[in-house]
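Chemist: Here is what each chain is made of, one letter per residue.
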Amino acid sequence: MPYIIFFFLTYLVIGFQIGLFPAIEIVGGMINLIVIILISTFFLEIEKEGLIFSIVLAIAFDIYFYLPIGLSVVAVLIIYALLNIFRQKIIEKTNYFFIASIIFAAVVIFDLILFIGNSIASGHFVFERLFLSLLPDALINFIIAIPLFIIIQYLIKILAVYRIIDVKKSKIKVE
Amino acid sequence: MVFIVIFALLNIIIPDKYLSSPLRNIFYQIISPLTSSLYKGGDSTSGFFSQISEIKRLSDEKSSLEKEVAELINENSKLRELERENEILKNQLGLKEEQKDLEFIAADVIGRGPTNISNTLLLNKGSDDGLADGMPVVTGSMLLGKLTDVSSDHSRVLLIVDPASVVNVMVQETRAAGVLKGEAGFNLKIESVPQEAPLKKGQRIITSGLGGTLPKGLIVGEVDSLVSSESEIFQSARIKPYADFNHLELVFIIKT
Numbered sequence: 000m001p002y003i004i005f006f007f008l009t010y011l012v013i014g015f016q017i018g019l020f021p022a023i024e025i026v027g028g029m030i031n032l033i034v035i036i037l038i039s040t041f042f043l044e045i046e047k048e049g050l051i052f053s054i055v056l057a058i059a060f061d062i063y064f065y066l067p068i069g070l071s072v073v074a075v076l077i078i079y080a081l082l083n084i085f086r087q088k089i090i091e092k093t094n095y096f097f098i099a100s101i102i103f104a105a106v107v108i109f110d111l112i113l114f115i116g117n118s119i120a121s122g123h124f125v126f127e128r129l130f131l132s133l134l135p136d137a138l139i140n141f142i143i144a145i146p147l148f149i150i151i152q153y154l155i156k157i158l159a160v161y162r163i164i165d166v167k168k169s170k171i172k173v174e
Numbered sequence: 012m013v014f015i016v017i018f019a020l021l022n023i024i025i026p027d028k029y030l031s032s033p034l035r036n037i038f039y040q041i042i043s044p045l046t047s048s049l050y051k052g053g054d055s056t057s058g059f060f061s062q063i064s065e066i067k068r069l070s071d072e073k074s075s076l077e078k079e080v081a082e083l084i085n086e087n088s089k090l091r092e093l094e095r096e097n098e099i100l101k102n103q104l105g106l107k108e109e110q111k112d113l114e115f116i117a118a119d120v121i122g123r124g125p126t127n128i129s130n131t132l133l134l135n136k137g138s139d140d141g142l143a144d145g146m147p148v149v150t151g152s153m154l155l156g157k158l159t160d161v162s163s164d165h166s167r168v169l170l171i172v173d174p175a176s177v178v179n180v181m182v183q184e185t186r187a188a189g190v191l192k193g194e195a196g197f198n199l200k201i202e203s204v205p206q207e208a209p210l211k212k213g214q215r216i217i218t219s220g221l222g223g224t225l226p227k228g229l230i231v232g233e234v235d236s237l238v239s240s241e242s243e244i245f246q247s248a249r250i251k252p253y254a255d256f257n258h259l260e261l262v263f264i265i266k267t
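Taken in order, these protein sequences are the chains called A and B. Letter 77 of the first sequence, counting from 1, is numbered 76 in this note's numbering, and no numbers are missing. Letter 227 of the second sequence, counting from 1, is numbered 238 in this note's numbering, and no numbers are missing.
Please note that a few of the clues may not be correct.
[What the hints assert, rightly or not] Restraint-style ranges between C-beta atoms, simulated for each label pair:
id, chain 1, residue 1, chain 2, residue 2, range
1, B, S74, A, N94, 51 to 61 Å
2, B, E243, A, N94, 51 to 61 Å
3, B, A117, A, I119, 33 to 43 Å
4, B, K73, A, P1, 49 to 59 Å
5, A, E127, B, Y253, 21 to 31 Å
6, B, E243, A, I51, 47 to 57 Å
7, A, Y10, B, V177, 37 to 47 Å
8, B, E184, A, H123, 24 to 34 Å
9, A, E127, B, R186, 29 to 39 Å
10, B, G228, A, N83, 54 to 64 Å
11, A, L154, B, E114, 42 to 52 Å
Simulated from the structure, these hints should not be mistaken for laboratory data. Here the structure is a predicted model, which is why all the values come from computation and not from measurement. By construction, the Cβ of each residue, glycine as well, lies at the ideal position given by its N, Cα and C atoms.
Next up, chain A with everything else stripped away, as it sits in the complex:
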């Protein structure tokens, strides 16, 4: 049963990321669930589950949008490595605004890696495209970060109640 629910949830999240969000881009900015889930689960201290979920989502993203398979995974791993490097500083000051700011920065890194990788693979370096989409992308994710963080927090609680995932008591208090 837990696996069925987990599979259904993954299917739904992939559907949202690759089906719905590209269709509702706001001034060129797209909601990035890969980054939001990775960061949110890092702050909620279920980072391993979050990392796996983000990687699955990243692979689906690459396959669906004809990107070099593994490119988004590289972006996810780099963001995760950076989070680990600055772990101590991040844990010290945690509030909603800070989480949103981290998501803003992570989206910039994610977009840059995707731009470089995709440009090398396709042979077209269109910097204009990067300049036009980078800020809207980061801003839209900054705005949506907190509502989504709260939804993810709530979902994790439900999943933990039904013992679908094992959650340690989080040391971080988000205010």
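Please arrange chain B on chain A, whose structure you already have, making use of the hints.
Modeler: This is chain B only, laid out in the frame that chain A set:
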């Protein structure tokens, strides 16, 4: 993690058609029922919001269009006469209308690529339906783009507004040839147009048929503003596309 690294390495070594392509086919079959319905839902939602902001602009446009309609009705009757005359002359010359030979395949738009990566559309038809790489995709008689990746049951369209897109075009009025290139932000630009045929705002741009990949006469858009100066060897201008690339549901592929 090890599996991902192995897969990424295999992906580089093994040709696309043996690994990535079959994988994409399986993935699309599993995910497309959900993504296509979510895409359509999202597309109509974003369409609703943009419609609200356009109400004022539309009411202004309505009054000018009514005037234009009256003029066009008059012009249409004259053109009908000319068309009839043209038909008779063509028959006498033994010429065929190129458009009549074209075969169209309808396809549903089931998704789109994020604009920070590429301006692409995903269609629910593939090589099983007779599609192949390079085929033009239209809506009405307006060119949208070309097929770039065709799998058995789905395909991807590179829109003409993508910076990677290059199309041979000409100015309908003067027949001056040029090259149409996409620009970031859903823009179009015509380049390499000789100075002998000056570009003017409102001139219609159509495909020239050069290169053989696209049929002649597909409508692209109209000249919006000149970019080059008179001292340059060639002219270039921004083009206002006729097609609405943001809200597409059904498109047609021309079998070439």
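Chemist: Each of the hints needs a verdict: does it hold here or not?
Modeler: Do the hints match the structure? See the list:
1. B:S74 with A:N94: 51 to 61 Å: holds (53 Å)
2. B:E243 with A:N94: 51 to 61 Å: holds (56 Å)
3. B:A117 with A:I119: 33 to 43 Å: Holds, at about 36 Å.
4. B:K73 with A:P1: 49 to 59 Å: holds (58 Å)
5. A:E127 with B:Y253: 21 to 31 Å: Holds: the Cβ-Cβ distance is about 23 Å, inside 21 to 31 Å.
6. B:E243 with A:I51: 47 to 57 Å: holds (56 Å)
7. A:Y10 with B:V177: 37 to 47 Å: Given range 37 to 47 Å: holds, Cβ gap about 38 Å.
8. B:E184 with A:H123: 24 to 34 Å: Distance hint for B:E184, A:H123 holds at roughly 32 Å.
9. A:E127 with B:R186: 29 to 39 Å: Holds: the Cβ-Cβ distance is about 31 Å, inside 29 to 39 Å.
10. B:G228 with A:N83: 54 to 64 Å: Holds, since B:G228 and A:N83 (Cβ atoms, about 59 Å apart) stay within the stated range.
11. A:L154 with B:E114: 42 to 52 Å: Distance hint for A:L154, B:E114 holds at roughly 49 Å.
Of the numbered hints listed earlier, not one is contradicted by the structure.
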